[in-house]
Structures are given as structure tokens and as C-alpha cells.
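Number of protein chains: 2
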Amino acid sequence: METQEEDFTVTPWDVKGRVDYEKLIRIFGTQPLEDGILRRLKDLCGCELHLFLRRKVFFSHRDFDLVLKDIEEGRGFFLYTGRGPSGPMHIGHLIPFIMTKWFQDRFGVNVYIMITDDEKFLDEEDMTLDEARRWAYENILDIISVGFDPDKTFIFQDTEYIGKMYPLAIKIAKKINWNLVRAVFGFTGSTNIGLSFYPALQIVPTFFERRRCLIPAAIDQDPYWRIQRDLAGSFGYFKAAAIHSKFLPPLTGFEGKMSTSKPETAIFLTDDRKTIRYKIFKYAFSGGQPTVELHRKLGGNPDIDVSFQWLKMMFEEDDKVLREIEESYRSGKMLTGELKEYLAEKIGDFIDEHKRRREEAKELIHVFKYDGKLARYMWERELE
Amino acid sequence: METQEEDFTVTPWDVKGRVDYEKLIRIFGTQPLEDGILRRLKDLCGCELHLFLRRKVFFSHRDFDLVLKDIEEGRGFFLYTGRGPSGPMHIGHLIPFIMTKWFQDRFGVNVYIMITDDEKFLDEEDMTLDEARRWAYENILDIISVGFDPDKTFIFQDTEYIGKMYPLAIKIAKKINWNLVRAVFGFTGSTNIGLSFYPALQIVPTFFERRRCLIPAAIDQDPYWRIQRDLAGSFGYFKAAAIHSKFLPPLTGFEGKMSTSKPETAIFLTDDRKTIRYKIFKYAFSGGQPTVELHRKLGGNPDIDVSFQWLKMMFEEDDKVLREIEESYRSGKMLTGELKEYLAEKIGDFIDEHKRRREEAKELIHVFKYDGKLARYMWERELE
Numbered sequence: 001m002e003t004q005e006e007d008f009t010v011t012p013w014d015v016k017g018r019v020d021y022e023k024l025i026r027i028f029g030t031q032p033l034e035d036g037i038l039r040r041l042k043d044l045c046g047c048e049l050h051l052f053l054r055r056k057v058f059f060s061h062r063d064f065d066l067v068l069k070d071i072e073e074g075r076g077f078f079l080y081t082g083r084g085p086s087g088p089m090h091i092g093h094l095i096p097f098i099m100t101k102w103f104q105d106r107f108g109v110n111v112y113i114m115i116t117d118d119e120k121f122l123d124e125e126d127m128t129l130d131e132a133r134r135w136a137y138e139n140i141l142d143i144i145s146v147g148f149d150p151d152k153t154f155i156f157q158d159t160e161y162i163g164k165m166y167p168l169a170i171k172i173a174k175k176i177n178w179n180l181v182r183a184v185f186g187f188t189g190s191t192n193i194g195l196s197f198y199p200a201l202q203i204v205p206t207f208f209e210r211r212r213c214l215i216p217a218a219i220d221q222d223p224y225w226r227i228q229r230d231l232a233g234s235f236g237y238f239k240a241a242a243i244h245s246k247f248l249p250p251l252t253g254f255e256g257k258m259s260t261s262k263p264e265t266a267i268f269l270t271d272d273r274k275t276i277r278y279k280i281f282k283y284a285f286s287g288g289q290p291t292v293e294l295h296r297k298l299g300g301n302p303d304i305d306v307s308f309q310w311l312k313m314m315f316e317e318d319d320k321v322l323r324e325i326e327e328s329y330r331s332g333k334m335l336t337g338e339l340k341e342y343l344a345e346k347i348g349d350f351i352d353e354h355k356r357r358r359e360e361a362k363e364l365i366h367v368f369k370y371d372g373k374l375a376r377y378m379w380e381r382e383l384e
Numbered sequence: 001m002e003t004q005e006e007d008f009t010v011t012p013w014d015v016k017g018r019v020d021y022e023k024l025i026r027i028f029g030t031q032p033l034e035d036g037i038l039r040r041l042k043d044l045c046g047c048e049l050h051l052f053l054r055r056k057v058f059f060s061h062r063d064f065d066l067v068l069k070d071i072e073e074g075r076g077f078f079l080y081t082g083r084g085p086s087g088p089m090h091i092g093h094l095i096p097f098i099m100t101k102w103f104q105d106r107f108g109v110n111v112y113i114m115i116t117d118d119e120k121f122l123d124e125e126d127m128t129l130d131e132a133r134r135w136a137y138e139n140i141l142d143i144i145s146v147g148f149d150p151d152k153t154f155i156f157q158d159t160e161y162i163g164k165m166y167p168l169a170i171k172i173a174k175k176i177n178w179n180l181v182r183a184v185f186g187f188t189g190s191t192n193i194g195l196s197f198y199p200a201l202q203i204v205p206t207f208f209e210r211r212r213c214l215i216p217a218a219i220d221q222d223p224y225w226r227i228q229r230d231l232a233g234s235f236g237y238f239k240a241a242a243i244h245s246k247f248l249p250p251l252t253g254f255e256g257k258m259s260t261s262k263p264e265t266a267i268f269l270t271d272d273r274k275t276i277r278y279k280i281f282k283y284a285f286s287g288g289q290p291t292v293e294l295h296r297k298l299g300g301n302p303d304i305d306v307s308f309q310w311l312k313m314m315f316e317e318d319d320k321v322l323r324e325i326e327e328s329y330r331s332g333k334m335l336t337g338e339l340k341e342y343l344a345e346k347i348g349d350f351i352d353e354h355k356r357r358r359e360e361a362k363e364l365i366h367v368f369k370y371d372g373k374l375a376r377y378m379w380e381r382e383l384e
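Residue numbers (my numbering), protein chains in the order written: chain A, 1 to 384; chain B, 1 to 384.
Mixed in with the good hints, there may be bad ones.
Note: identical chains are not told apart, hence a pair may lie in one copy or across any two.
Derived lysine-lysine pairs resembling BS3-like cross-links, with alpha carbons at most 27 angstroms apart [to be verified]: (1) Lys175 x Lys297; (2) Lys346 x Lys56; (3) Lys362 x Lys164; (4) Lys362 x Lys312; (5) Lys346 x Lys320; (6) Lys56 x Lys373.
If you are wondering where the hints come from, they were derived from the structure by calculation, not from laboratory data.
Using the sequences and the hints given, assemble the complete structure.
Now the structure itself:
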């Protein structure tokens, strides 16, 4: 479903305006990820929930309750997510991968990660296929750095793995007509025939196993799963389940999502500490007051402060510390500069660790793509 | 270009009515294959022209004059044709292959033969992919039986070779939008997204070599080459040249083309002598008179007699013999039964020989698809 509300737009290729997530749940017809279902998950894994769940960064779902039932009753499930390699990755891009890894660690299940070099080439007018493939290589390094299990994770790039996927993709494509993709994705007469075929490919991995597939992904990807859910039964597969994440807001405020073409809106995984600090101090939209005096007197507003929201959504693991920061900032005790300094340190540490792992990841690309246990199996088997 | 004239329709998926080939030349904007150009070809090959050329079974072309120039000036060319494996092949299906082989024999060039199992699966509602693949196997046997050079001919099946073709296919697809395929092929909102992507794939082999590609094919395939010719320059490749064949008329008359779903319209490559004779005597539309007496008196009309037209278009190699038959039939000396008997013998011999070769072809499938010199090269190289 394409949403072009008065105030905001969310499609797989476009996010504009300030997204109203409650409205999205109604428009997309998904379910809110409520406390009850999260408690069931907590009981099942016997662990503390990831902050993405505790703090509702993942806020919506389809059939997540059935995934829990599958776990409870021993049928298991598998995980699927992906990345369109259109440029360098920023911290927001990691959210689905970190969530996916968390589920893999807790339940020991297989993870399939699709790198859609074809889609990005087809969607972006100025991008060459070589560029999309170079970004695929770079992005895969970032994804591996998240720490997936090399023998239970298969990373595949569409233009490489197409030979295996195409027969199943055309079976899916035969059941999707132009009217449907026009309605669901807002395609027009000037949409190219490669991009209009692509939705069939994105559905293929949901049929990689005869178990329920759980897809942690940003909400903008939901339209694909809506089509998948209409088709799955006729193929004898499960309807895909999904949990949907919000977008980490751009540094500059709450409009749209972080964008590679506007570097001031995002922190990239390749930024150095100095750049990170500079961007946060220069661009991070603040809920503080114009002067120290006023701030001490009136206090800051963490609800509209991007630095605080980033801590809450991704970088402050400790609930108690987060609460203290929130209170301190709201009371006026903590200044905007102090909040930004704290965030810059947190992200600096995060990125340093990421870069260290990224160096190691270079040795692992072949394992995740071709040689790991799951990867080998996926290159040997026939899909149908 | 889709043609839906008042009297007839010609698209890659549909031929209806009695095709007016001169009108098609005007509508499609192709060139008639005139005597002058055929004389140039004859001089170049230093041989007798194939009866398909002498008798204008191939009646239209695009840039065939430039192919001759490429030969004259030493640049060479390559051949490309194909088959949609939707069922058993009939004698009419062999026309492009026989023509292609003739050019390969005369000029020693490479031949690429695409088996579009994906297209037929996507186009025909009731066909499964397994069925399309089984027909691919059967049809490839028939095609090999035509006698191509195993080291200069590559037969490839889309669902097998897609891994090599897809990167180039999406580069082509990016330049073809929905409006274009709707206008050219008559696609509608209910066309599936697999079929609407397919034209990009059919264009790929025209870029297999950096030489001019000559495509001997039935005229209904021309819309693909029209798109190819608009795009080729931007890829640094040659515009495809084509020679277009007429359809061998159905046994039952001149409406439409021979059809697998109406077995009385066609002779299949698997028919036995008895069936061939039966079909010709029962169904072949005759230009003869209702009684022997009237026939002797008024004579037959070879111009509307399917048996005579089949001899002329495909089965009587000897121009002198053909002329004698024509005169004899027109004068009333030769009766319809005698004409049919003559044709039934000719086709019987043709099919017997074809079946003999078809047995040998089983040993050659692997050579043409994977192990021959050209096939090996095509599986090793990257396309771009």
C-alpha cells in the first residue's frame, strides 16, 4: 500500500514529512506491538528484551503472535531481512540487522539477508550497476559486523543469486499483475519494467523454508509482505510475519528519514569521532532553550530533542541511566551541550567498535556468501 | 508494435485472420526483401539461394543490406533465433531454424538459440514451469536435428541461463518503461509482472557479440527488435538486423497460423506417415474443383491451395519441378488427390529423416547447451 497522507509519505522508495506511526498502523492494517505480546516473548526467551523492543522502536507487527506460538509449539521459524545498497550505511540502517541478530542469538535460527543491488540500480536513475555492486560489497561488510552466526546466515546479492531465485520468482510474478503493483507501490507508466518485476524477487526468500518467516524491517517495506501474504497459501508456504521499525529521526529534526544525499542528517558508519561530534553539535535538533539561563529556568524538552531520542532509540542501553538523563534534561539541570557530548561519546564508541569488526568482516564475506554451512546449502539446493 | 487491423492481428502471442504481408511491411515499417538485395547475397555466398529466399518465404527485413556490407567488408555478423517451448513443434516452427542453419553453413558464423521457457510459462495461464521445461527438452531435440555446428552454436534455456543474462537484462529493462511495452505489445493492467519484464530478456542475446546480429524469425517477433534498435546505440552495440518469415499457412486454409491446440491445422514433427497422409487428405484446403470432370475442365487454383503452397514454401526444392506441378495443376491435368499424394510423400520423407536425426540429437544436447566450444565460452564469460 502506498501512503500519501496530507502530512507524510511512506513507500519503499520515499519517506517524506513527519511520520505518524499510529496512523501508519491503521493505514497499513498492521497490529501495534503491545506489552502483552512482548511479555510473552520475554517469557519465551527467558531474557531481558532488546531496547528496540522495550522502547518500541519496533512498534508494529504482522503475525508476531503466531511466531511466538510456533516457538512455543516447537515448529520454529526463520529470519529474513535485507538492504538496498544505494550508498554508505548510516546508523539507522543497522536497526533491522541488530534486531535480527538478537533474534538469531536468542533462538538459534537461520537468517537470510538479501542485498538488492538490482533494485537500487533500477530505482535510481543515475546509479550504474557497478556502483550498486560496489556499495553491495561495502554494505555487506557493515552487515557482517553486526555479528551474525556464519553457519546459520546466508547473505546473497540479487545479481549473483538470481540463477537460483528466478524460477521461483516467475512463479510468484505470474500471480502479480500490473494493476496490483500500481496500486500497492504507486508505479506509473514511466516505471521501468525491471523495477515493476522486482517485487516478485523480494518475496522469494519468504519461501526459503517451510516455516514461518519473521521479517524485522522498517515499516516502509510492509507493502511487499502484504502481497506475499495474499499469495503464500497458494504456494503452500506460510504468510510472512513481520515486525516493523520506526525510522531513526534525521539529526536535523523529525521530517523524513536520514538520507545519504544530505550528510548533515545522518551519522555514517565510516564517520570518525571528530565528524560525529561536529555533526551532532552543529545539526542535532535540540529541545533545549536558546540560552543557558532560560534552559536552567524552563528546562529542555527531550520529546523533540533528536540527541535524546537517539539515546533512547539506539545508544543508551541502560534504562535507569536513560531515565536520569531524561529527568535531568527536562529539569534544566543537564544542558544541550552536555547531552550532545554524551551522545557523541556513545556513538563514537559504537562506531569505533563497528570499524574494528568491519576489518575482521573482510575475511568473512566469503563465508557468509558462499562457504558457510547455510550458504553452501543455499547454493546447492533447488528452490521451488 | 501491435497490429490489430480490421482483418488480421499479429503479435508475439497471437496471429488471427488472413495476414496481409504487404500491409505488415507498411505497419511495422520494415523493408521488403527485394530481388536486388537477394542477388547481392547470392554473389557473396557464391551459391544458390535457399528456397525460403528464392520464393520469398522470408519477405521482409531490417538492415539486411548492412549485414551484407558487414560481410563484404570483413566485419562479420552473428545469428540469433529462438523458440517458445509451449508444446510440440510442427513443420512451420522449423522455418527460422532451417534458414539460420543455411546462413551458418554459408558464412561459418556463431548461432545463439534462446529457449524461452519462462515466457511460455508466464504467458500461458494453464502451463506449469515443469511443463514448459519438458517442452524445452523436446523442442531442443527438434532444433538440434536441423543440423547446426555444435562448436559454433549455443542453445540456452532462460531459466537455466538467467544467472548470466540478468545483469545485462536489468540494464536493458531500466530503459524500457511500462508505457512502451503497453504500446508495443498491447499489455494491459492484468498482464503479469513477469511477462512485462520478459522483453528485456529477449533483447539480451542481440548484445552477445559486438557485431551485427541477424535474426531470422517469424514477423510476429519484430516488435522486440524495434525496441532493441532504439536502445542498442546507447549500449554501444549494433542495431539488430532481421529477416522476417511468413507463417506457413494452416492446413485448413489461410486464416491465422498453425496451432498446437488445433491438431488438424498442422503436421507435427512427431506425426507418422499415416497421420500425415490422413491430415493432408482430410484437411488440406484445396484449390481444386468439386468434381474430377470440372477440375479437368476448369483446372485448379494453386494460389489458394494449401498443399501447393506448402510445396512452394518448404517441401519442393526443385524450381523446375515446382513450376511443372503448378502448370499441371492449373491446367487441370493434375488432380487434387495427386497433388496431396505428392505432398504427403515429401513430408513423410522429411519427417522420417528428421526423426532419425532426432534420435542422434539426444547425445548432442549437452554439447549444444554446455560443452561445445561456443557453449563453454558463454558459460564462462561475463555479459555486459
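- Honestly, which of those hints from before does the structure not fit? The structure conflicts with hints 1, 4, 6, although it agrees with all the remaining ones.
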